[in-house]
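Chains as they are written, first to last, in our numbering: chain H, 1 to 69; chain E, 1 to 351; chain B, 1 to 355.
Keep in mind the hints are simulated off the structure, nothing from the lab.
There could be a bad hint or two in this list.
Below 25 Å or equal to it, Euclidean Cα-Cα: the simulated DSS-like pairs (lysine-lysine) are [unchecked claim]:
#1 B/K17 <-> B/K55
#2 B/K17 <-> B/K265
#3 B/K118 <-> E/K336
#4 E/K327 <-> E/K233
#5 B/K55 <-> E/K327
#6 B/K17 <-> B/K299
The structure displayed is predicted, hence computed values, not measured ones.
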Amino acid sequence: MDKEPEDLFARLSAEGRQLVPVSYRFLHASPLAVATVMRLVDSQPYRATGYVCSAFHKPISKCCSQDDV
Amino acid sequence: MILIFSQSAMEPTTEEVMDWLEALGARSLRLNGEDLDGGAVCFRVDGPEVTLHFDATTVAGAEPAAKTIALPLAEVGAVWFRRWLQERRHEMVSLLDGPSAEDHQLHHGLRRHLTLESRKLGDFLFSRLADRPWLSHPRRASLNKLDVLIRAAQAGFATPATLVTTERDELRRFCLDCRGTAGAVITKPIGEVDMFIAGERSHFIFTASLDLEAIDALPERFAPSLFQERIEKAYELRVFYLAGELYAMAIFSQLDPQTRTDFRRYSRERPNRMVPFRLPAETADRLRLLMEDLRLETGSADLLQARDGRVVFLEINPVGQFGMVSKPCNYHLERKLAEALIRKELDGQRA
Amino acid sequence: MTSEPVFALFACCVPVKGARRSVVCDLQRQALHFIPNGLYEILTEHSGKTAAEIKEIYEHEVDSEIEEYFDFLLGHELGFWCDDPARFPAIDLTWETPERITNAILDVDERSDHDFGKLLGELDDLGCKALEVRCFHRASLDELRTILEAARRGRLRSIDLLAGYAPELTPDALATLATDHQRLSSIVIHSAPESRQLPPDRRGVAVTYRTEAIDSPRCCGKIHPGYFAIDLETFAEAQKHNTCLNRKLSIDARGEIKNCPSLAKSFGNARDVSLHSALAQRDFAALWSINKDQIAVCKDCEFRYVCTDCRAYLLDPGDLYSKPSKCTYDPYTAEWRQPAEERTSAGVLREGGSR
């Protein structure tokens, strides 16, 4: 599905290549999904639309038996 | 009242500092860059008085019946400039419809003016508050890397040999000259690192390594690019500076070949080791001198401990993430920053 | 600066001594590594000495073991050869947090009559960031949605949901629930016809179906490695606090405000009394500072700073400092006992349980 060359530099025109610094030849590409796997919510007290949610650092209750908790 | 300039998403550190401000009994309000970019804030200018109006439904502690909260700028006792606006909406969307949609020149002209408008509004706010204590004022927060490198050298730091050039042959000579690097240099942006999104991929500008072979593959001339000697490091240092105090962390990234050049290229399976570090006295003194020279109240400095024993200065980020130093080292910087803001507000009131 | 390098553990790798064996807690990568007590001694009493010096101290009787130890530690990246140990201090283990309450349990059964909006609003005022909702009964999707809606714009960053099986709680229905409520961190469906663990979605939300019936607070208090929390925040908290009850507030299925629903003592009913005023009562926080170093048997256990304690179900219900009854580990033999063994004297901490 991704018909674009992975390398962004390869997509630049001849003029484009002349105009960008050397570091553009060594861009590090990664799937966009990796960068945006996040749970974000609104939070009223802080006027934030991207309030980051993640699991609490320790268990809150301990009701489940060992096996695959 | 402590005013915090931030952005509206992914700011756990900002939220934590606000939690501390609340726990310590201070009042704070947060204004996000996006609020001025099609959001819900308005300014009332009545003669010499400026009042900011916030939408009350988005602020804790507001009276249920109130629709907006009015904050006369005169009530702002201290300001924390955390972040502002990464991208403006008008830079992201297509502004034109119909036959002229492909008109790049028109698009560019429109965007340039809109960006200027947006910046001017922000500048207005910053200049109205310029006489309050800030952590740190954005005028000081826009540093030039090359300029900082020179000031660091003036402060007594060892700095990497640096070249900015358009000529491949110059680069080749530079590479051969660099001592002890087995013929390799690094390249990085003159300004900020950035990311480009293309379809399903993101492309980051990271510090990259070039050997002679890579240099020979370049065209004879290219756009002005920054190169530095590649220094073999034992570990990197990230130091957070706040009101005269330094909080240092060592990063061991040599363990993982993938991260050897730039530790932000994060390895999920085996994250780099990040541990507290005690700076040598002379490094600490030089850093304080440099921060004072740059008139920064806060900022993060990147240095490295070279294998040959030297401490080498790399760069300063005036409004960087300090969470990544605070959490692994348990330095409680979020609380310290809240306390610094409260102190600033009190000092400002006494003055 | 020494001329010869010495071995140094990374500050985030903390050794903890147990009666029979020790452990290095890698707080950064969240892993435990067992080590013999002899290595513990080397890493603590003899830290800062060179390998040659250490071999000398043990009269060259364990030279190859010493080399193996360091290879082991290096192999797991727990330490490094350090030229300048004075530059690498130990990590500060003080713990502090701005929230008055960091985590809460809310129990619900078929007779419950909670005003979720009011409760979640009050938890918000206390700064609470993490909530576990335990529905002991077969909860309807609507009921779960109602509870989650009440958290919409608040400060919660994590909601763990436990609910009894109902046919409408299909994997798809739960996946939709998780997408609609980004605060959900995990969903456990108990009393399910068969056990099933769905792979965590892209956002890391885990959905699990368990056949075991978790139908009352009496199911809680289980101690096993699946519940170990190996991270800096918990480790630091564990130095001086009870890692289960510290800054925890619970509301049981009848609305009683407690430290935990399994404890007898109530500080009022949420219908009549605000969470804030319950918290303000002098003995609300009485159990918060009972850490593992004060608890019988646990004080000698190598897991004591990563294990979340239970003060409700104790081997000796009359003794506040008794070992949790549901822990089957014996640090004196370094063995986990079979859980089926009867311990008839075990029970719930009696109100007024003495020191």
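For each hint, the structure was consulted:
1. B/K17 <-> B/K55: This hinted pair holds, its Cα atoms lying about 21 Å apart.
2. B/K17 <-> B/K265: 35 Å, violated
3. B/K118 <-> E/K336: 33 Å, violated
4. E/K327 <-> E/K233: 24 Å, holds
5. B/K55 <-> E/K327: This hinted pair is violated, its Cα atoms lying about 36 Å apart.
6. B/K17 <-> B/K299: 10 Å, holds
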